[in-house]
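Number of protein chains: 2
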Amino acid sequence: MTQVAINESGNILVLDHNREQFRFHAVWLRDNAWDTETRSPSNGQRLIALRDIDPKVQISAAAVEGTTLKITFSPENKDVDYSIDWLIANAYDRPRVSEKGWLADSIETWDAMLNENVPSADFNHIASDPSAKRAWLESVARYGFGKLSGGPAEDQALMKVVQLFGFVRETNYGRHFEVRTEVNPTNLAFTGLGLQAHTDNPYRDPVPTIQVLYCLESSAAGGENMVVDGFKAAMRLKNENSAWFDVLSRYCAKFEYAGEKGVALTSRRPMIELAPDGELIAVRFNNRSAAAITDVPFEDMALYYEAYRRLGEIIDDTAMEVTFRLEPGECFIVDNTRVLHARKAYSGTGSRWLQGCYADKDGLLSTLASLQSSVQEAAE
Amino acid sequence: MTQVAINESGNILVLDHNREQFRFHAVWLRDNAWDTETRSPSNGQRLIALRDIDPKVQISAAAVEGTTLKITFSPENKDVDYSIDWLIANAYDRPRVSEKGWLADSIETWDAMLNENVPSADFNHIASDPSAKRAWLESVARYGFGKLSGGPAEDQALMKVVQLFGFVRETNYGRHFEVRTEVNPTNLAFTGLGLQAHTDNPYRDPVPTIQVLYCLESSAAGGENMVVDGFKAAMRLKNENSAWFDVLSRYCAKFEYAGEKGVALTSRRPMIELAPDGELIAVRFNNRSAAAITDVPFEDMALYYEAYRRLGEIIDDTAMEVTFRLEPGECFIVDNTRVLHARKAYSGTGSRWLQGCYADKDGLLSTLASLQSSVQEAAE
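If you read the sequences in order, they're chains S and W. Under UniProt numbering, the letters of the first sequence match residues 1 to 380, in that order. Under UniProt numbering, the letters of the second sequence match residues 1 to 380, in that order.
It is worth saying that the hints were derived from the structure and are not from the lab. For clarity, every value in this text was computed on a predicted model and none was experimentally measured. Please note: incorrect hints may appear among the correct ones.
[To be verified] Residues from chain S that keep clear of chain W, each with C-beta distances beyond 10 Å, as calculated:
1) Ser60
2) Gly66
3) Ala127
[As the list claims (entries may be wrong)] Result set (EDC-like, lysine to aspartate or glutamate): computed pairs, CA atoms no more than 20 Å apart in a straight line:
4) S:Lys56 / W:Glu299
5) W:Lys56 / S:Glu313
6) W:Lys100 / S:Asp246
7) S:Lys254 / W:Asp105
8) W:Lys56 / S:Glu299
9) S:Lys261 / W:Asp129
10) W:Lys56 / S:Glu306
11) W:Lys56 / S:Asp300
12) S:Lys56 / W:Glu313
13) W:Lys261 / S:Asp129
14) W:Lys254 / S:Glu279
15) S:Lys254 / W:Asp85
16) S:Lys254 / W:Asp277
17) W:Lys70 / W:Glu37
18) S:Lys56 / W:Glu306
19) S:Lys160 / S:Asp129
20) S:Lys147 / S:Glu108
21) W:Lys100 / S:Asp295
22) W:Lys254 / W:Glu306
23) S:Lys100 / W:Asp295
24) S:Lys70 / S:Asp16
25) W:Lys100 / S:Glu273
26) W:Lys254 / S:Glu273
27) S:Lys254 / W:Glu273
28) S:Lys254 / W:Glu279
29) W:Lys254 / S:Asp105
30) S:Lys56 / W:Asp300
31) W:Lys344 / S:Asp52
32) S:Lys254 / W:Asp93
33) S:Lys100 / W:Asp246
34) W:Lys100 / S:Asp277
35) S:Lys238 / S:Asp277
36) S:Lys100 / W:Asp277
37) S:Lys344 / W:Asp52
38) W:Lys254 / S:Asp277
39) W:Lys254 / S:Asp93
40) S:Lys100 / S:Asp246
Cβ coordinates follow ideal geometry from the N, Cα and C atoms, glycine included.
Whole structure, please, built from the sequences with the hints as guidance.
Quick look at the structure:
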């Protein structure tokens with residue numbers, strides 16, 4: 001049961017749908033019209049700008065017909081039809097979470113319990129079956145990481161992984177980089193040292209949002225991979241002491257990398273990044289490339305270091321970590337804005353050879369959304 | 001004249017340098033030691049994590065010797081030397097700008113006055129002369145855009161421009177894209193329509209931070225390019241009414257693009273983006289790909305639309321725009337997080353063929369910083 005009403009001045013419409021009321025402004029409705037003069041039928045882009053809408057736009061008439069809301073705008077005298085379902089789905093007159101650190105519904109945080117249920121799939125299966133690919137990408141979006149097995153153990157096989165969902169982000173490390181012991185490493189990743197769990201390249205802005213690590217050889221002792229959910233760690237920090245969470249999100253840290261000739265990368269971003277409305281959107285944590293923190297006032301620096309230390313302890317807590325060993329032809333991908341990765345030290349005997357590359361999450365989420373909508377269309 | 005003192009508990013050091021006092025915490029100093037056990041001498045990365053520093057770290061002794069500060073830390077009993085110049089440059093015990101929308105010193109905002117002095121260079125000159133390249137990159141960093149002329153008018157010449165400073169960001173549009181009139185355009189950019197000044201691809205997250213547009217043919221009437229400083233526009237909005245600036249920075253807009261098969265890109269980011277400490281770091285403005293705004297509460301939506309409309313009017317104001325016409329072999333690059341670009345409509349007679357691509361600003365700033373430090377080293 002849907003009813004519609006307009007206020008006296010015609011600038012607000014009230015939709016009463018299944019006993020819930022949603023108010024809409026005339027200008028919002030006009031801006032979001034989907035008629036062919038407002039939106040390109042072929043590519044969905046808006047053909048007008050806000051300057052083309054009269055600032056005095058009003059609703060002169062409105063009526064419900066089945067699942068359609070019919071509106072006439074004045075002074076344009078323009079009729080536009082809206083899907084009531086679309087309006088309800090996009091209604092902005094609703095209660096909101098205001099707590100800092102809220103997460104989108106599509107995200108689920110995790111700890112070591114996920115060891116029992118690591119999001120995994122077979123490379124050939126997801127390469128050939130769109131619904132298997134959709135399911136794996138959904139779990140990558142939900143958990144921020146995923147494993148693949150059964151891929152080819154051959155040079156640059158990781159490019160085939162990226163092609164499943166997006167595009168490589170080329171950097172000064174190349175389109176891909178070799179992760180194995182080097183004699184004069186430009187980066188400590190290229191040694192046998194254990195590495196504390198970290199996000200990659202926080203000195204880059206924008207940071208690469210996806211990392212792929214693909215195993216080609218794995219006979220050395222040690223070198224297991226670990227992943228930690230940075231969002232879970234940040235929320236645990238907040239639950240222990242919200243002042244710690246606040247200080248790491250309120251001030252920018254600095255990161256830098258200048259380990260090779262011609263490269264001097266720096267960034268100024270918080271360790272815990274929130275959207276302006278408090279959504280937790282990114283974590284940056286990397287002891288190797290953290291630069292001197294100079295944007296925290298003296299009065300808050302002791303608290304800042306306390307919080308930074310405690311966040312590190314939470315990240316190091318084995319109750320947080322998911323551990324696995326990559327065999328040749330296996331790989332994992334992480335959402336580098338959220339999930340930290342680490343590796344245990346490994347010995348000089350035997351070999352350990354991984355190839356890594358960066359890519360972007362928007363491409364992955366776009367591929368996923370497109371797969372989801374084709375499945376939905378097929379079901380309709 | 002430099003003097004040093006330690007407080008009673010040994011957790012704070014006071015440096016008195018030319019009659020200015022700077023306080024430092026023991027943990028900050030220890031974390032930022034540059035000895036070879038703390039930092040890799042070859043690549044500058046930190047070899048320890050915060051967990052390796054005793055939470056009870058104290059300064060047991062400190063002394064100034066010439067331009068060096070010598071500190072002994074307990075309970076480690078570790079001696080570390082610091083450059084006093086480095087400490088002063090990184091001192092965090094100083095007054096701060098707290099006003100929202102502050103800008104880094106390296107940035108200068110502009111309006112149509114810059115038409116007299118468009119940051120320009122010759123392609124071959126900057127390709128062969130590092131100091132000319134440094135000067136041009138400095139002006140791109142300062143103004144958020146720059147022109148190049150005298151380049152080859154050949155297919156993919158824009159790749160040579162990107163190679164001067166960084167790496168291409170590949171997207172669903174390819175490593176580069178053709179900007180000319182198409183019969184069934186996937187994007188309105190590929191028509192002869194005039195386009196309101198906009199930033200590109202706000203539906204991508206992270207957004208491409210650099211765009212290059214390179215001209216190969218230009219005999220059609222019209223099609224001039226315009227650029228507008230989004231930071232100047234945002235600050236003008238703030239000066240007119242700070243509530244407008246606040247509402248556009250406090251809430252996320254939404255952007256989307258699904259104009260081709262297999263692509264469904266969406267983002268949720270504010271039109272005016274601030275760092276947590278108020279620095280103005282990005283502007284997103286694009287009528288074609290703005291999706292329904294649903295994250296503004298009903299109570300603030302009228303104000304939001306008022307602000308959005310006024311920002312558009314400021315952007316459209318000819319007093320804000322720098323206009324030029326690209327001839328074959330000429331190109332311009334913009335900082336796509338800051339500078340909006342537009343083009344005037346062009347006719348069907350004659351031809352207009354541009355190639356465009358995306359790249360990242362961190363690579364450009366890294367190349368610039370590296371050139372600046374080599375020039376400095378050469379001068380020392």
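Right, here's what the structure says about each hint:
1. Ser60: holds (19 Å)
2. Gly66: holds (22 Å)
3. Ala127: Consistent with the label, Ala127 of chain S stays out of reach of chain W, its closest Cβ about 15 Å off (over 10 Å).
4. S:Lys56 / W:Glu299: Status holds; Cα separation ~18 Å.
5. W:Lys56 / S:Glu313: holds (16 Å)
6. W:Lys100 / S:Asp246: The hint holds at about 18 Å.
7. S:Lys254 / W:Asp105: It holds: about 17 Å lies between the C-alpha atoms, which stays within 20 Å.
8. W:Lys56 / S:Glu299: Cα-Cα ~18 Å, so holds.
9. S:Lys261 / W:Asp129: With a Cα-Cα distance of about 18 Å, the restraint between Lys261 of chain S and Asp129 of chain W holds, given a limit of 20 Å.
10. W:Lys56 / S:Glu306: Judged against 20 Å, a Cα distance of about 11 Å means the pair holds.
11. W:Lys56 / S:Asp300: holds (18 Å)
12. S:Lys56 / W:Glu313: Holds, at roughly 16 Å.
13. W:Lys261 / S:Asp129: holds (18 Å)
14. W:Lys254 / S:Glu279: holds (14 Å)
15. S:Lys254 / W:Asp85: holds (19 Å)
16. S:Lys254 / W:Asp277: holds (13 Å)
17. W:Lys70 / W:Glu37: Distance of about 16 Å is within 20 Å: holds.
18. S:Lys56 / W:Glu306: Satisfied, since the Cα-Cα distance of roughly 11 Å is no more than 20 Å.
19. S:Lys160 / S:Asp129: holds (15 Å)
20. S:Lys147 / S:Glu108: With a Cα-Cα distance of about 17 Å, the restraint between Lys147 of chain S and Glu108 of chain S holds, given a limit of 20 Å.
21. W:Lys100 / S:Asp295: holds (15 Å)
22. W:Lys254 / W:Glu306: holds (17 Å)
23. S:Lys100 / W:Asp295: Given pair Lys100 of chain S, Asp295 of chain W holds - Cα atoms ~15 Å apart, limit 20 Å.
24. S:Lys70 / S:Asp16: holds (14 Å)
25. W:Lys100 / S:Glu273: Roughly 17 Å separates the two Cα atoms, so the pair holds.
26. W:Lys254 / S:Glu273: holds (18 Å)
27. S:Lys254 / W:Glu273: Status holds; Cα separation ~18 Å.
28. S:Lys254 / W:Glu279: Distance of about 14 Å is within 20 Å: holds.
29. W:Lys254 / S:Asp105: Holds, at about 17 Å.
30. S:Lys56 / W:Asp300: Holds, because 18 Å separates the two Cα atoms, which is no more than 20 Å.
31. W:Lys344 / S:Asp52: holds (17 Å)
32. S:Lys254 / W:Asp93: Judged against 20 Å, a Cα distance of about 16 Å means the pair holds.
33. S:Lys100 / W:Asp246: Between Lys100 of chain S and Asp246 of chain W the Cα gap is close to 18 Å, so the pair holds against 20 Å.
34. W:Lys100 / S:Asp277: Roughly 16 Å between the alpha carbons, so the hint for Lys100 of chain W and Asp277 of chain S holds.
35. S:Lys238 / S:Asp277: Judged against 20 Å, a Cα distance of about 17 Å means the pair holds.
36. S:Lys100 / W:Asp277: Distance ~16 Å between Lys100 of chain S and Asp277 of chain W Cα, so the pair holds.
37. S:Lys344 / W:Asp52: holds (17 Å)
38. W:Lys254 / S:Asp277: Judged against 20 Å, a Cα distance of about 13 Å means the pair holds.
39. W:Lys254 / S:Asp93: holds (16 Å)
40. S:Lys100 / S:Asp246: holds (9 Å)
When held up to the earlier numbered hints, the structure conflicts with none and fits them all.
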